Amino acid sequence: MSNDANTQDTWEGPVLEIDGLCISYFVRSGEIPAVVDFSLTLAPGESVGLVGESGCGKSTVALAIMRYMGSNGGIVGGTVKFKGRDMAEMSEEELRQLRGSQIAMIYQEPMAALNPSVTIGKQLMEVPMIHKDALPAEARKLAIQMLADVHLPDPERVMDAYPHQISGGQQQRVVIAMALLGEPALLLLDEPTTALDVTVEAGIVELIAELSRKFNTSLLYISHNLGLMLEVCDRIGVMYSGEVVESGHIDSIFEWPKHPYTHGLFGCIPLPHADKNARPLVAIPGQLPLPHERPTGCNFGPRCNFFEEGVCNTAQIAMEAVDTDDDDAHQVRCKRWSDLDHEAVIPKGPEHAPVELGDFVLEIDSMQKYYEVHDTSVKAMFTGGSVKYVKANEELNFKAREGETVAIVGESGCGKSTFAKVLMGLETATDGNVRHAGKEIGGMAVKDRSPQQLGSLQMVFQNPNDTLNPSLTIGSQISRVIRKFGVESDPVKVRELVLKLLDTVKLPREFEWRKPRQLSGGQKQRVGIARAFAGNPSMVIADEPISALDVSVAAAVTELLMDIQRESKTTLLFISHDLSAVRYLADRVVVMYLGQIMERGTTDEVFSPPYHPYTEALLSAVPIADPSVNKRRIVLEGNLPSVMDPPKGCPFSTRCPRHLGEICDTRVPEVQFNADRHGIACHIDMNELRKVEPVITLKETAAAE
Amino acid sequence: MTELSKTITPAESTGTAFMRALKSFTLLKESPIAMVGAGLVAFWILVAIFAPLIAPFDPLAIIKPFAKIATVDAKSGVTMWLGGDNLGRDILSRIIWGSRTVLIYAPLATFTAYVVGIMMGLAAGYHRGWWDTILSRIGDIVLSFPVLILYIIVIATFGASGFNIVIAITFASAPGIMRIVRGLVLDLRNRDYVAAAQTRGESALYVMLVEILPNARGPLIVDACVRLGYVIITIGVLGFLGLGLPPPDPDWGGMINEGRKMAMIFPHMTIMPCIAISSLVLGFNLLADGLREISLRD
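Top line first, the protein sequences correspond to chains L and X.
If you're matching positions, the first sequence starts at 3 in my numbering and goes up one per residue.
If you're matching positions, the second sequence starts at 39 in my numbering and goes up one per residue.
By construction, these hints were calculated from the structure, which means they are not laboratory data.
Since the structure is predicted, the reported quantities are computational estimates derived from the model, not experimental observations.
For every residue, glycine included, the Cβ atom is placed at its ideal position computed from N, Cα and C.
Here are the simulated distance ranges between beta carbons:
#1 Gly167(X) - Asp492(L): 35 to 43 Å
#2 Asn228(X) - Gln318(L): 40 to 48 Å
#3 His166(L) - Pro145(X): 38 to 46 Å
#4 Asn228(X) - Leu501(L): 29 to 37 Å
#5 Leu428(L) - Ile176(X): 27 to 35 Å
Based on the provided sequences and hints, a complete structural model is requested.
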């Protein structure tokens, strides 16, 4: 054992070598292959990314490396070597020694990775105490040092805190600290920032890169986000349906993708050059095959535009090196990659004429929504108690025209969902005016609104699994809306309308009889859209409608929304945290922070200087999957302040990199107008703000093309 | 309720309901525990249905007091397989006829307790605020009362009858059911499809009954099976305390009570109805376990 430990400490070869790994799950109906023929070599200090849509097997790979497959999973072929030793030959005890010390894993949900009933200090100290036999005092010192290394303010205080007492971003930093305390040679990161806000994500990504340099840790990064991969990885593997379809150096893959699936993925992402009218997104047709229904030959075959009978569907396809001089530089699993003209492969959607905007449909004027919070503690009962207000929305002002897409952008807790609730009548505004189609609705709850009013203002929800009642069929859920809003009452005509709506959202008519559980996430979201448009609404509020969907599905749903909007001239209020999607589809953007509007204007105005400092930081934080784009890095310090106790002056003053001084902390800034209807709420003089460099610029070479 | 029936066309609902029943049955077959439970329950249901055909004697007929197990009746030549009680009635026949009492009143009492509990739970969980405070406190008060005393008060006030047994059990069980329903509703009311129903102006009753209740059915069905078992025990206890059906109708709890004083000398008078109660309760509990196992698996 000590001998092995020595060889492992002095090992200089690759940290991880995976060769031909095959993983299967065994279920009632038989064996389901989850991952087939997976190979990977990871050098010390290198970071490799695995990217793919849900269900492609990327997390299974990470679990197999940890040899932590659960009761029904098993490795059915291939080898995994860690520092030259085959992990299959290691005993359970040796594996336990490795896990947590040599190989560490970071999961998506930081709260689920931390024990809620044990202080953070105790949880951190366990690592050196178990793996290095450290004494408690020593372990404590190491833990505090590590908390400082992950840039947590006041490590001593964090040591005594419980997980729920710190924010999500801080929790993820603690999880990273815990993973690094064992001084691992290999760190597996499974969607480590997916649950976090973009500005927090930017900080975590930078931290991981910094720490991996410092400790020379190899990283295996798993994510669905191609933009993030470009920022953090040296090499990348694109997975599809259990197989790596393309792998190689990050630049090579992003600049010269060879596999049709990779091309398809790039066509689905709203990159800066995409435009909803001139260059719309192109979704990949079809759906991911179920693991037990995979076709012979190329798994992507049925969805591929370049599928050739007899070539693509005969036998399993092996990885082929693109560059014959350097095998590892770029490999692709496609029979036809060398025949394809990769310039022409790039999918291009049909062009559309821009929608003509009509009159103002929605006018929001100084709208406020406060929640009362009663202090019910015993102390408050004696002192008379005090009522606190959560200022979810403060002074909202903006207008939307018929046929316009207005995006409301902001991170969690900025009050965008509360605003949607007020519009829908699930809450009533505390003060101010909300006029929809000329009628005041801010103070009107759902029960006071007429069926026409309800029908003309509908909503598309975020979570596809939550948006439909699991007990009712799709048809009955849509027909209920049609009857409820008085669109049609004759049963035959109602059914016709239901079928027509299913056609509109491009779902087969048989779906009328299906239950939601028989549908995929994207299909459910389409039904949600059909339901929202069933009452012929003049305005639809879409609350993060695509954030829970895979990229290719999200592209299809986005295009669907745009198509229906173009046809019915509906005003779309698009609530999102995803600036890439917003840039792609919005005409106007409203940037919110802590219940207040920081900046509003047309999309071009908001995405170019002058910026509000928060918009600037937000733009910088969003990863962009395009190597031809240069981005200025701005990483925000600190956390989002509590809505219970917001800053007295500008809400952004506690984290603002352009903080002026006292005035920011004490006085709420006035809105300054750069152009007609482009307002920025900031104390910095507009002339100063105009001098700010753009955050996103195209590189010289790309610009010259 | 007319609104509900309109939403689903008849052809579709029968088709899927039948398929679903078929599917749950095939699933049930995969859990041996559930199959044993279902077998026990089915056995007693068949016994209750065919009581007049399979009972060897009239349950009220006096044949031979304190007859031992497997005594042959001299008059008719029929064997008293489980012996006779202190009045000379055939125990086997009384158990067979007694199963009818249990299998009518236990499901009936459980059902009414569920109707009341679900209504309270829906109202408390959906409206929250004052509704929740008042209903939950009422529930707490009932639950904090010793159940037996509660039964004695109810039955002593209204008299011993099948109907009053149902009332007493409903009164005592509804608060527990309310708590379960309330918990489920508190989770389900935050679903987007509930918000969607609210934003199209559906009434609170529609949202509760169509959008929320059907989606809480899984845990409720499992709980109903367990609770049915407890209600059977309760009916036995009431019979034992003399608060059950008035004699001479055969009633398992009452039979145990009658045999109690002579349990040392004639143990079969108490043991036989005890076995009957336990096997039926065990049946329901195993069925619930199996259902839970199946529901967790997929």
